[in-house]
Amino acid sequence: MDKKTDFIRLIIEDVFYGYFTKGILSNGQTICMFFIQQRTYQDLEFSVFLAIANKKKHIREWMLGTRDVLSDKSTGKCGLEGLIWGKTMLNAFEKKLEMEYPNGKEQGKVAIVICPTDSRRKKVYVHGLKKNGYAIANRWGCPCLYKKIA
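Read the sequence shown against my numbering and you will find it ends at 138, with the numbers running on by one and no gaps.
Think of the hints as simulated: they come from the structure by calculation, not from any bench.
Capping the alpha-carbon separation at 16 angstroms, the derived lysine to aspartate or glutamate pairs in EDC-like fashion look like this:
hint, residue 1, residue 2
1, 136, 88
2, 75, -6
3, 97, 33
4, 136, 86
5, 10, 69
6, 135, 31
7, 119, 82
8, 97, 31
9, 136, 82
10, 118, 82
11, 84, 33
12, 84, -6
13, 135, 33
14, 97, 86
15, 83, -6
16, 135, 86
17, 83, 33
Taking the hints into account, I'd like the entire structure generated from these sequences.
This is the structure in C-alpha cells:
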C-alpha cells in the first residue's frame, strides 16, 4: 500500500476545486481521495470523496462527470485496505488544514464534511471516524459526518 501523503491541487480548466491524493493498492487498483473546497458564507468546508477503480481513467471520467461511479460495475475490491488508506489520508489532510489555517476566526470556520452514498457505508464511516472527532450533522439535506478543524 502506498503511504504517500502529497496533496495535489485539483485544477480543472484553470479553476481551483480543492486537493487530491492518489495511490496504488496491493491488488493493483488505483485509489484517489478528493477534498473539494466549498465556501459557505464565511466558512470554508472540504467535502471528501474516496474513489477506487481498476483504471485511473475511470476516476478521471468520474471527476469530469462523464462516468457514473455509483452504477459502475467496477468498484473497489480491496476490503479494508482502501478504508485504512482513506483514514490515513484524512488524518494527514486534517494536519495540513491545521497548519494552513492556524486560527479559523480570520477565515471563518474550517471543516471537513463526509457524505456517505448509502447506509452501509455510513455505518462503517461513523464507526471508524467517531473516535477522531467526527459527528453526524445534517448538511445539504442529508446526514453527513462533520468535523470542525479550525
